[in-house]
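Chemist: In case you want the letters, here they are:
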Amino acid sequence: MTIDSPAYLDANVLVGVIVNTHRLYPKCTQLTANLLISKSSVLISPVSLHECLWATAKLAYCQLTNNPASAHWSKPIYLRWCEKIFQSYEGWITAVGSMMKDWSNAGVPIEVVPKTQALWAHVVDLAPDYMQQLKLSPADALHLAFAQTHARTFITADSDFEVVRANPPAGELVILHVAV
Amino acid sequence: MSIDTAAIERIQLPKPRDVEEVPVKVQTVTNDTSSLAWRQINAILSSSLSDAGFPQPVQTAVRDWRTPLELPIVVAPGIVVGSEEYKQRYGSIDLEQYRQQMSPELFKAFVRHIGRIPGTPDLDLGDIVTTPE
Chain Z
683 MTIDSPAYLD ANVLVGVIVN THRLYPKCTQ LTANLLISKS SVLISPVSLH
733 ECLWATAKLA YCQLTNNPAS AHWSKPIYLR WCEKIFQSYE GWITAVGSMM
783 KDWSNAGVPI EVVPKTQALW AHVVDLAPDY MQQLKLSPAD ALHLAFAQTH
833 ARTFITADSD FEVVRANPPA GELVILHVAV
Chain F
12 MSIDTAAIER IQLPKPRDVE EVPVKVQTVT NDTSSLAWRQ INAILSSSLS
62 DAGFPQPVQT AVRDWRTPLE LPIVVAPGIV VGSEEYKQRY GSIDLEQYRQ
112 QMSPELFKAF VRHIGRIPGT PDLDLGDIVT TPE
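Just so you know, the sequences run in chain order Z and F. Quick note on numbering: the first sequence equals residues 683 to 862 in the numbering used here. Quick note on numbering: the second sequence equals residues 12 to 144 in the numbering used here.
Don't read these hints as lab results, they were simulated from the structure. As the structure is a computational prediction, the values presented were derived from the model and not from experiment.
Partial selection, computed: residues in chain F whose CB lies under 8 Å from chain Z:
| id | residue |
| --- | --- |
| 1 | I128 |
| 2 | D133 |
| 3 | D138 |
| 4 | V140 |
Heads up, simulated PhoX-like pairs for lysine-lysine below, C-alpha to C-alpha not over 25 Å straight-line:
| id | chain 1 | residue 1 | chain 2 | residue 2 |
| --- | --- | --- | --- | --- |
| 5 | Z | K797 | Z | K721 |
| 6 | Z | K783 | F | K119 |
| 7 | Z | K721 | Z | K783 |
| 8 | F | K98 | Z | K709 |
| 9 | F | K119 | Z | K709 |
| 10 | F | K119 | Z | K721 |
We put the beta carbon where it would ideally sit given N, CA and C, even for glycine.
Just chain F, same shape as in the assembly:
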């Protein structure tokens, strides 16, 4: 199969109006190595949206299409995470013990929040909470 990499002209999007505003969240796809054409489209769309006044999109890394998809894991009703996130957040914790010792509502509140922010092994808790000058 061949891929055409014809030049793509810049798309001019209309400026957002003051009325009838709706929340729009745009995500840029990064690390996509499968298609030059798609990367061009993505870059032009992102640039045009930015010029039109939309906020900068959150950068989201996307796995290569050859990588197997993560299977979702249900930690508690309504709390679903991927296997990698499960490993980081719950891998070092005896969840079954806490599931038995906590009420369902408390267990859900507990697992919903623990480890929700990615950290690093060198994070110093004493330092991170210090009020800056």
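Isolated chain Z (complex conformation):
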């Protein structure tokens, strides 16, 4: 599979690569491997890292409490369990950041977006439009805006982006949706 560079990675793909056994694990790892082999530039945003940190904290909480991944999760729960999460599973919380560093040290060109103030201004304008037009959450609208302004490929495992196929934004952005 050819992946046009640069490629923006949604948080769910990053989490999908470091967590095993789930239904999309083989496809997430395969797509990521192809991305690394193709020497494509990898773009990530603070929004992606923010979501990855919440995801790994929740997984640690579920592991500690023997709950399923679908268990109720909130900021008050996080605050109650924060100390134990880091005591026992700090390596999970730092996993995505560590993976990014290792990829970068191995020669993968990784960049954090937004790259410039002008592009950031463009993202700020686009995100509310995507929220309104495509009924996306603020975080998803920001992901799409980052991808639209910086990337040629947007890789996501979020089914909410299926709506974008019916009403794609102008430009040449290719959306790769990881699905079963």
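Once you've looked at the hints, dock chain F against the given chain Z.
Modeler: Same frame as chain Z, now just chain F:
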């Protein structure tokens, strides 16, 4: 062979001092069905350490002694996993293909991180990354 299950008195450990601190990691052995005496010792030690201010230990499940030991598998230089972990993390992936297509450094960085957190088949990636309220 008989096993003596004599009562074991609680061990009082000294409180940790502020100076000369060293990192200590304690692991409680669980699911050990081989010895009642060992379970008592383990419980008392864990309790005493906890009372003395040491952090709660990570719970680690230990296989029954009759279960054969897992043979370690070298995935890449410095990346060694057991056979069960290998199956979960790499069983569905064509590692040989990627080993040939990636540089040794990139392959090592790739295999070091993929699947390092245990998941479940019902994990919803769209849901898990949602920012909580």
